[in-house]
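Please build the complex by placing chains B and C on the supplied structure of chain A, with the hints as guidance.
Here is what each chain is made of, one letter per residue.
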Amino acid sequence: MRMAIFGRAVPSSADTPRPGEPRNRWAGKRRTARWGRSAATVAAATIVLGFLGLFFAWPVAAIIGLGLGGGVSETLTNVRTWDLVAFTLGQAAASTALALVAGMPLAYVLARVAVPGKALLRAVITVPFVLPTLVVGMAFRTLLGTGDGGSTSALFGIVLANAFFNVSVVARTVGGLWTHLDRRTEDAARSLGACGLRVFTAVTLPALRPALGSAVAVVFLFCSTSFGVVLVLGGGTYRTLETEIYLRTVRLLDLSGAAALSLLQLAAVVAALVIAAVARRRRETALQLRSADDTARRPRGAEWFVVSAAGMVVLGLLVPIAGLLIRSVSTRDGWSLAGYRALSGTGSGAVLEVSGWEAAWNSLRTAADATWMSLLLGLLAIAVLVGIRRRAAAEVVDAALMLPLGVSAVTVGFGYLVTLQFLPGDVRTSPLLVPFAQALVVTPLVVRMVLPVVRAIDDRLRQAAATLGASPWRVRWEIDVPLAARSVLAAAGFGFVVALGEFGATSFLARPEAPTLPVAIARLLARPGELNLQMAYAACALLMLVTALAVLAVERLRVRTETVGEF
Amino acid sequence: MGLQVRGLSVRFGQTTAVSGVDFSVADGEVLGLLGPSGCGKSTLLRAIAGLERPQAGTITWNGADLDRVPVHRRGFGMVFQDGQLFPHRDVAGNVEFALRMQGMGRARRTGRVAELLDLVGLAGQQRRRVTHLSGGEAQRVALARALAADPRLLLLDEPLTALDRMLREQLVVELAEWLAGQSTTAIVVTHDHEEAFTLADRVAVMARGQVLQVDTPERLRQCPADDEVAAFLGHKAGSRRSG
Amino acid sequence: MNRFLRRSARIASAAAVTVLTAGCSFIGAQGDEQNKRTVTLVTHASFAVADKTLANFERRSAIDVTIRRHGDAGELTNKLVLTKANPIGDVAYGVDSTFASRALGEGVFVPYRPEGADRIPQRYSIEGSNRLTAIDVGDVCVNIDTRWFAEHGIPAPTNLRDLTDPRYRGLFAVPSPATSSPGLAFLLNTIVTFGEPGWKEYWRGLLANDVRISSGWQQAYNQDFSGSSGQGPRPIVLSYASSPAAEVGPDGSSRTRALLNTCYRQVEYAGVLKGADHPDAARRVMDFLVSQRFQAQVSEQMYVYPAVRTVALPESWQQVAPRPQRPAGMAPDRVEQNRQRWVQQWRALAHG
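From first to last, the protein sequence lines stand for chains A, B and C.
This note's numbering puts the first residue of the first sequence at 113, with every later residue one more than the last.
This note's numbering puts the first residue of the second sequence at 113, with every later residue one more than the last.
This note's numbering puts the first residue of the third sequence at 3, with every later residue one more than the last.
Here chain A stands alone, though its shape is the one from the complex:
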């Protein structure tokens, strides 16, 4: 079956210019292009680091600086301080491990299994992330019947609740890369006689390592700075660096003690980031990335075990969610939608300045602002990270970007009080401050979700584009952007959701005339009266609904980009 086509003449296109001849002209352009590229990298780095410096490093340094003095060494030499460090890291490690174990089957299902309603599944597992920690803490308190801090069940509750929040981080980060892994590598290994588990540990797991490293780093940081959950479930007995920094700063104004603990927290975070970076470095070869629909198929054989495990995890996630929903419609006198009706008001005794609906609208607007800011910062940061040739320098910038996830919102918030007054204009009361603070938290997530995908793009694809006449910027646009588009969209959606649920920094900065939903919920819970409680739970339900809708909207958008990406 010979194909004689090779023998035919190539249609000539003499009108196509043949480039390359006038040497000097190109030489000049090359130099400009190279300079332009590095200048662009420097400019992007300046914006990213400038923002971080202004709204993170400076406030944190300032508030720690205020507390430096004799009290610091006293705190550091106290045995109880080190118990605190050990407990903080221990509970974070346990929570991360649990989130990882529970998140992996979900990641597998999202990436590899063709099931109907995957968008809905994605929405459901994302909902926990936005729920106010106070509310989730209370939900787990009821579920586990814990009240007295110090009990084992309280400890279990802390780990369980932390994992509950972070399962979606694992599922999304790992699932994102898994979707793009070439399934044929696994199939090849299987055809060579390796069993399912062997294929997983020998082929899949190493390939997933960049995403796993990212997920572990993010989840660990979230868990080690977990505040509401530890406070509510720990009942004052179980304390972490985060809750202790809060108490020392906010209640005792013991700035030197807080400074000492903040330094410890920073050290722990940096150590965790270094470990994560080392883990990432050990494996970073280019992967065969594929589009998503090639890799999903119906499960077979032992894969059903993984699918059912994922089902169990989803059920587990649904229990507290269902509990909250039931709580929102049950009153002392039976079922009632009073809480939902109350959303159009400001709570009994006018707890809020605005209605529940307006609070929801504030949440959406603030989160939208935070999302575009984080996307801008995150993509600039990725451009910088990819552009930095020296590995060590890139790692430092990468770690610096992650720091805001691991530093107490209280430290940053009190830092704002002492630094922002020096900025022109009334920045301290600017409505932009809330999205700025949220962007600090969301940007590292954008970087963590998109960077592994960008780094996994085979450099030879870029080279192929270059040999076909694409300039370096054009290569980014033609290769990196479309291949990373899905992960960028996913990151945007997830970032939006994180901003929706962000409470720590927001409660510090939110102006009362524009409370977000989580802030409104906290205020409602702080008042007696059945209606306020009902309204708080209804507001939680509203927050979940908004989240689910946001995730579904992003899913639709993702499907559409996939088609658009063909042309």
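Bear in mind the hints are in silico, worked out from the structure with no lab data behind them.
Small disclaimer: the values here were computed from a predicted structure and weren't measured.
We put the beta carbon where it would ideally sit given N, CA and C, even for glycine.
Not one of these hints is a red herring.
Okay, the calculated bits of chain A under chain C, using three or more residues with CB under 8 Å as the criterion:
| # | region |
| --- | --- |
| 1 | 523 to 535 |
| 2 | 636 to 643 |
Anything over 12 Å on all C-beta distances counts as not near chain A; from chain C, calculated:
| # | residue |
| --- | --- |
| 3 | 39 |
| 4 | 62 |
| 5 | 125 |
| 6 | 131 |
| 7 | 194 |
| 8 | 278 |
| 9 | 285 |
| 10 | 320 |
| 11 | 327 |
| 12 | 333 |
Here is chains B and C on its own, set in the frame of chain A:
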């Protein structure tokens, strides 16, 4: 005139991949770069494409130094060993890539893509996803994509290695006929001497980053420059002396 | 603020202007009205005022009041202390008797005696200072679920000592003094009532009687207490004297009752901040806070009692949430001097 390579060396840190290589490729000629894996032939090809920066030596095209000409302005087409098709674009999207870079209008692109697909035996397959192509089809698309730019020099890096033997033997003949019929200037990197002899007008035998001998297939077969060349070409060590 | 901060501020400010002006947001910039005087009232998160009352004041005085809420009384006080060189507002409301000494000691407020301050009982004022004016009084009291006690045929407790009685074992829920404002007030109450070191003995009794300690009022009241809509397991909780007013059923009676012998008085103060941008307008706001109009609505809005004695409580309150007659209290400077030590001692006692 064509391509001239003079004293070219490429180093990666301490390792020297290509060391003081000289050769030239005349206009319309097909040169085979033959050698065992790791001999530096792919690096040499990539240096010519502009993907690696040489530490020493010059590469000129028609007498013009290419040192400061970036990859995308060299006008050299390249076919990678495993295709490196863009996974987010369909067959047509891959083939027309260079045409879009040149700013060609959509209507003209469509026509040209059809011609090229026809040429490589994939007529009418424009809308197929490249991830669904077989290995042979993928390499045909890769070739069509490289040809679309109408390159003044075509660089083929082990274009058939990834394919199974049957398909390889089939395609190598077609490729040879086509390269000859087109009077295309090309460099084909391969570790298979039969493939090199079928495709190339002249073959450069490489080992340890150096070119040992450049000659026509016939002369290489008849009088290898030394034992090493002879050994690589499949002669017994003493065959030259005895024959 | 040290020199390093000032210098870095100058460099940073240039960058900030660029960032801020570039950021075109959905929210947009706030429009400033030039003609109207504006004044910023910083307060705690529980602050509330009836819309029409505030609007009325703003219209008559031509002052625009911007309200900024900052956490609870402790957080508010500490923020005021941190920013005293460049205050975050003009007038502050919500520093309570637990934290007043710190605010005064740090020189956060300037003297001002608002119009009508003579109607505020002398016992609420802080000795030798007219920098803080009492605006409202909140009494932290033990609350009980009256129906539970009726159903179980157990007589309700009447004082703090009763709570260590084995009869009430496992019935009491209290927020932690280390993490919660009312919790701290309760600790101070036990110190006033049982003295030092008698309070420790009392707490050992509470702990032995299976008191449930939660981190916040929300968990104790909304989750553990059987009298709230949370319908928890415990019929005794630490809350406020006013809480029963929020648990009034359709028949007009409350499901809960405050034990008026167990109350600790927390006075909430307001004052003009030192270095305020608008001291004149701030003084007018102080007058407003003491005025009949404002005082008349604090109970409904904030679940506290008005400081001005001549202001009547709402009718329903007189039934279900009357003022405690002889609540305990502690001088602010004694609180300030010992607070940290007491909390630490309590922690050692409760959590080992």
